[in-house]
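Sequential numbering from 1 applies to the sequence shown in the numbering used here.
Keep in mind that a hint or two might mislead.
To be verified - Calculated pairs, BS3-like style, for lysine-lysine (alpha carbon to alpha carbon, straight line, at most 30 Å): (1) K60 x K39; (2) K20 x K60; (3) K211 x K120; (4) K78 x K20; (5) K211 x K39; (6) K211 x K226; (7) K120 x K20; (8) K65 x K39; (9) K120 x K60.
Claimed, not checked - So the derived label-pair ranges between C-beta atoms look like this: (10) S252 x T137: 15 to 25 Å; (11) A92 x I265: 45 to 55 Å; (12) C287 x G236: 51 to 61 Å; (13) I24 x C287: 37 to 47 Å; (14) G300 x E127: 27 to 37 Å; (15) N94 x T221: 48 to 58 Å; (16) I172 x Q116: 15 to 25 Å.
I should point out that these hints are in silico values taken from the structure, not numbers from a laboratory. Don't be surprised by glycine CBs; every beta carbon is placed ideally from N, CA and C.
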Amino acid sequence: MMGNPLFEDEIGKMCFNAAKNWQISWYGGVGDESMYKVKVDPQETPLSSFTLVGIGEFDKNTNDKHPVVVKIETGTNKDYFIGFNRAVGPNAQNVEADNEVTIVQVNGGNGLDYGQSYLKAHLLSDEVYTENNFANTGEPLSIKVNSIDLSTEPATAGINIMFGSDLHECRIDSDCFDDGVYCNGEEICDINVGILGGCVSTGNPCQSGRKCIESTQSCATCDEVKIQLTTDNYAGETSWDIKDSDGIIIRSGSGFSIGYHWEIIPNLEEGVYTFTIYDRYGDGICCGEGAGSYEVSLCGNTVAQGGTFGHSESTEFTIGSS
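All chains should be built: construct the whole structure from the sequences, respecting the hints.
Encoded structure:
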């Protein structure tokens, strides 16, 4: 039993914290080193589907290799973790949420370092948990349990993860409709995401590196930068900044925990900017102490990326008029 010092082998059979299952090396490795532990960034993949198995039947999962944990990236160290609380084997003596899907959020640690964790919800089939302002984006994230099947071995739970207010469920294309919103295009039903599909956009009408303006239904020069960073094992050595043409720092990042982080810097004025990433030790972020990397993009257009450098690496980019 996690978190309780019991002194017999056959009592306290409960271990249903998905965040801790992500952190420990059981089930194939720590974090996403294991094929049985999967992470998803809803802002990169707004609609995704997974079939979960419980930890008590992990050894019966060799053919399909379904995950035991799904991690939802928030771009902070307060990520969400989803698991199937199958009440068998080492998990047979649960006191809550038998054979339900559980959702846990950590308050720090990014799922790899120490951090308090909290149960946000436990769901039966057809139940939904929604965060109305996911990761301070102003957009909702919903986790729906499509099915729970206890008749198979291993038992399974099917889930959908949907991000964004313009997504809804469907079975056929006619369940979706063109909502007249210019920037999300014409919607179709993607039936590959689970038992129920999801209405998804056929594509942004603007080219990569351009920004869609809803109010004028037009494309304009991109004025926002997205920074994505995956640290190495010494995350505290890494930092970055963006300077304008006068050398003034307009945004910076440091003090990272190990793992994935992202940040969007909006409403940049026209001009030339310099992005610089630093490593205090001088060995970059890849690959001697972990496979770290970074990417800088302007509305989908990559302007800088890498991981192998010394003390620092800089790239200029331009925000220009349309």
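Open item on the list: Flag every earlier hint the structure violates by its number, smallest first.
Closed with: 3, 12, 13 and 16
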